[in-house]
Amino acid sequence: MKRKIRVLVAKPGLDGHDRGAKTVAAALRDHGMEVVYTGLHKTPAMIAEVASQEDVDVVGLSILSGAHMSLFPRVRAELQARGLGEVLLVGGGIIPQEDMAALEGEGFARLFGPGTPTTEIAEWIQGEMERKWQREEAQEGSRS
Amino acid sequence: MKDPGELTARLLQGDRAALARSISWAENGDPRFARVLEAVYDRVGRAWRLGITGPPGAGKSTLTNELARLYREAGETVAVLAVDPSSPYTGGALLGDRIRMEERTLDPGVYIRSMASRGGHGGLARAAVDACDAMDAFGFQRILLETVGVGQAEFEVVGAADTVLVVVHPGAGDGIQAMKAGLLEVADVLVVNKGELPGADQLVLDLEEAVHVRLRPSLRPDRNTADAGPAWTPPVVRVSAKRREGLGDLVAAVDAHRAFLEQGGRLEQRRGERRVEQVRNVVAERLLDTLWGSRDLGRALAGRLDAKTTPYAAAAAILEPILAAIPYPESEPSAGAAPGGANGA
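Protein chains in written order, with the working numbering: chain F, 251 to 394; chain Z, 746 to 1090.
The following block holds chain F by itself, in its conformation from the complex (with noise of 0.2 angstroms):
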């Protein structure tokens, strides 16, 4: 089986900046997944409905408006609301530690801070995903 990460990369509310998802996103394909991106303005609707459309393994959700302890916790929600509670929900921007650390309390399974290596979300994300695809396939071989 040639199983892929797939990851969608999404700018929830009203901020107009993308550069740092787009870095993201691209060196997340440059390290093998594949990247559904959304572009900017997305509601939490929208990005959940697009996370269960496109059948993603992980969410990533980027942000420099400050608005992320409202808009995150709703997408967390939408995806919830959609049955994809089991998705790698993550996110970065300009976030303050103790809200990084109130939103991993929340669901969010890691934030990365300004000044992460691309590289470092990238083998994050995998090693977190093998893990989870390990898990599942020792599930699926003890109930046969």
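In short, the hints are calculated from the structure, not lab data.
Don't take each hint at face value.
[As the list claims (entries may be wrong)] What follows is a list of derived Cβ distance ranges for each label pair:
1. Z:K747 / F:P346: 35 to 41 angstroms
2. Z:P801 / F:A331: 42 to 48 angstroms
3. Z:S832 / F:G266: 26 to 32 angstroms
4. Z:Q758 / F:K252: 26 to 32 angstroms
Since this is a predicted model, take the numbers as computed values, not measurements.
Here a beta-carbon is modelled for each residue, glycine too, at the ideal position from N, C-alpha and C.
Following the hints, complete the assembly by docking chain Z onto the known chain F.
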């Protein structure tokens, strides 16, 4: 969602997440897809599949979005499969076509899926047909299959459509370029997009000339079967997707092609050829995957193959026992008794 039975039930209930997962299984070559398809295959064949291809920058995504809008306004449901190339080096892909279709994201009558071309073995063409079959079984009435017209694999993708639109735009070369490109041969309808730009008139004329010089009599057997009346000559339609001009003519041209195929058994012929092609894709892919994957012949050969053995001799050693076991179809395939492996040896 991991169980094919559960997924099938949810697919038939109209759960789009189930459709999305089934397409992932098809892409990954997951054997669970075959079980899903088996359960829903009697529902496949109702959708009209439009292939949309052309060179990069011709405006395929914008046009696809506009067609989706028009079909929605006419009350039809629309699924879009947008194929983008994968990197031959890393295997990664950036899938951005749906940016131009974002206004359809929350429309429950529209499903949009991006697919990366991944690597070789006819796997893309196979996965694209699988995805269309799943969308068709789900109940979408129009399937828009969009891919950039570069490379054989992408060509094969749109070849699986009922009607193929080839989209070109002015300023990308003269009429001789248009005649060179193999793109003309796959077209059922030629679309000159960006029709407001200078050079559009000339491009329409060049294409019309090229179509008449080159495609009559048609290169494709399904266009002029002897018993079924006149051949289909691909019309050249000038549009501006961005300005929403000429789109009614394009929809009419697609309808005309559909009406043409629906006469004299042409549609069944075309779809029959597609089914045979899909079987070929599955056979080729599974054979290669088995030999190079689970049996790992590549590695076994790497140690054994010396500089004196030609690739043909090495391949013959692998293939002959397999081929010898398969009877020839002339020898009554239903009986399957006659051994057909008497080829030389």
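Structure-based check of each hint:
Separated by about 39 angstroms at the C-beta atoms, K747 of chain Z and P346 of chain F satisfy the suggested range of 35 to 41 angstroms. Between P801 of chain Z and A331 of chain F, the C-beta spacing of about 37 angstroms breaks the proposed range 42 to 48 angstroms. For the pair S832 of chain Z and G266 of chain F, the supplied restraint of 26 to 32 angstroms holds, since their beta-carbon distance comes to about 29 angstroms. For the pair Q758 of chain Z and K252 of chain F, the supplied restraint of 26 to 32 angstroms holds, since their beta-carbon distance comes to about 29 angstroms.
Comparing the model with each numbered hint stated earlier shows that hint 2 is the single one that does not hold.
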